[in-house]
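Residue numbers for the sequence shown follow the working numbering, so the first one is 1 and each next one is one higher.
Derived by calculation from the structure, the hints in this document are not laboratory data. Treat the hints with caution; some may be incorrect.
What the hints assert, rightly or not - When the alpha-carbon atoms are kept at most 20 Å apart in a straight line, the in silico PhoX-like pairs for lysine-lysine are as follows:
(1) Lys121 with Lys141
(2) Lys316 with Lys266
(3) Lys236 with Lys90
(4) Lys316 with Lys338
(5) Lys90 with Lys141
(6) Lys316 with Lys267
Claimed, not checked - Listed next, with one range per pair, are the computed distances between beta-carbon atoms:
(7) Asp17 with Cys76: 24 to 34 Å
(8) Leu228 with Glu307: 36 to 46 Å
(9) Gln280 with Ile94: 39 to 49 Å
(10) Asp127 with Cys76: 28 to 38 Å
(11) Asp235 with Asp66: 28 to 38 Å
(12) Asp235 with Gly95: 51 to 61 Å
(13) Asp132 with Tyr104: 21 to 31 Å
(14) Ser256 with Lys335: 18 to 28 Å
(15) Lys338 with Glu75: 50 to 60 Å
(16) Thr136 with Ala317: 44 to 54 Å
(17) Cys237 with Glu6: 33 to 43 Å
(18) Gly91 with Thr139: 15 to 25 Å
(19) Asp127 with Asp235: 50 to 60 Å
We put the CB at the ideal spot given by N, CA and C, even for glycine.
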Amino acid sequence: MDGNPERCLLENVIPLDLCQELVFLHKSLGVVGYRPGVRSTTIHDVLASAPPMVLPVARARSLVLDAVESALGYECQLFVEFTGLISWSKGSSIGWHHDSNREYLEQRAFAAVLYLNNAGKEFGGGDFRFQDGNPTHVTPKAGRVVAYSAGESNIHCVEEVEWGERFTLTMWFTREAKFCEDPTLIATCFNVRPGLDPLVGNSNANASEKQCLQGAGLAIAGYNHAGLPNEMYIDKCGSDIRAYRLDAFGLSLCESEANDGSVFFKKMDKNDLGDGSGSQSLVSFDSKCHALLVLHFGEWQNLTLHEGTSWRECIKASGEEFDAYLQQSIQLFEKCCKLWVQGGMVSGIDVG
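Whenever a hint applies, use it, and build me the whole structure from the sequences.
And the structure:
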């Protein structure tokens, strides 16, 4: 640890494969963020749109909480007020501020930023800077955490992202149990009203997390990849941010004529002039959320149909081969959903 008692820099807080898992989740589920070029996926968003996947987020959340409490000397004294995956794309930044600078944020005592990818490799710029003190400058590195008190003693900024996309897990902590996010998460898992079984002191924090994880297993029983309301994906310009990642792969999504919410991928032909003349896959998905989850799962796991082919070659394939790849990806994704519910790690498993 470097720094003073109200600020610290921690290395290797979570394993790299869990970092990659969280990046996959955010690519699949991210909605419009609080400023241009920023996307957000709160733990509530994950639980609402893809319940099995709350497990990796909860695992990372617990590791960060334990590390921060230990490093700052507040063991068993902090409650998690907010947990969210945040990404910053080219051109995004934030000026000098502190994290309790509004009346409605005064309950925030500490903050932690866990970096999920590496500056200089996956993105450029985006460094974290404190106005003074030590450390002053933090370069993002997967598994690294910068934690600090939320008040005026830790005014900071994020420099502009020059290229690529910067992924983080951001958390805020409070000393007041009434602001802890756990009761709401548990209520969502069990479909009960918040407040029926509130936390009483921090001694229940571990038990509440176990309840949350068990509840996620119950929530999957009715899971249909529904996703969040469409308006959460529409930016100020009226564009659907989900199309941005699809465009990079030469894909778009079209709705089923059955008007049941299901969608199909459409591959845009090289000579397509934007008139929708691309070739449509025959593989149906429950929703746009389901389609994105499967697509980015294949990207994350680098799934292929045949040895010697690359993931991008599978995406570029046409007709039956592309459909076969999608079918395989769906099956493996559902297999991994079951692993998440059982509390297992997906990274490194044999998905064949």
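A quick look at each hint next to the structure:
1. Lys121 with Lys141: holds, 10 Å
2. Lys316 with Lys266: The hint holds at about 11 Å.
3. Lys236 with Lys90: holds, 17 Å
4. Lys316 with Lys338: Not OK: Lys316 and Lys338 at ~29 Å, beyond 20 Å, violated.
5. Lys90 with Lys141: holds, 18 Å
6. Lys316 with Lys267: Holds, at roughly 8 Å.
7. Asp17 with Cys76: 24 to 34 Å: holds, 28 Å
8. Leu228 with Glu307: 36 to 46 Å: Given about 38 Å between the Cβ atoms, the range holds.
9. Gln280 with Ile94: 39 to 49 Å: holds, 41 Å
10. Asp127 with Cys76: 28 to 38 Å: Hint holds: Cβ distance 33 Å, inside 28 to 38 Å.
11. Asp235 with Asp66: 28 to 38 Å: Given about 36 Å between the Cβ atoms, the range holds.
12. Asp235 with Gly95: 51 to 61 Å: violated, 21 Å
13. Asp132 with Tyr104: 21 to 31 Å: holds, 27 Å
14. Ser256 with Lys335: 18 to 28 Å: With Cβ atoms ~25 Å apart, the hint holds.
15. Lys338 with Glu75: 50 to 60 Å: At roughly 35 Å between Cβ atoms, Glu75 and Lys338 fall outside 50 to 60 Å, so the hint is violated.
16. Thr136 with Ala317: 44 to 54 Å: holds, 49 Å
17. Cys237 with Glu6: 33 to 43 Å: The hint (33 to 43 Å, Cβ to Cβ) holds, given that Cys237 and Glu6 are roughly 40 Å apart.
18. Gly91 with Thr139: 15 to 25 Å: holds, 19 Å
19. Asp127 with Asp235: 50 to 60 Å: violated, 25 Å
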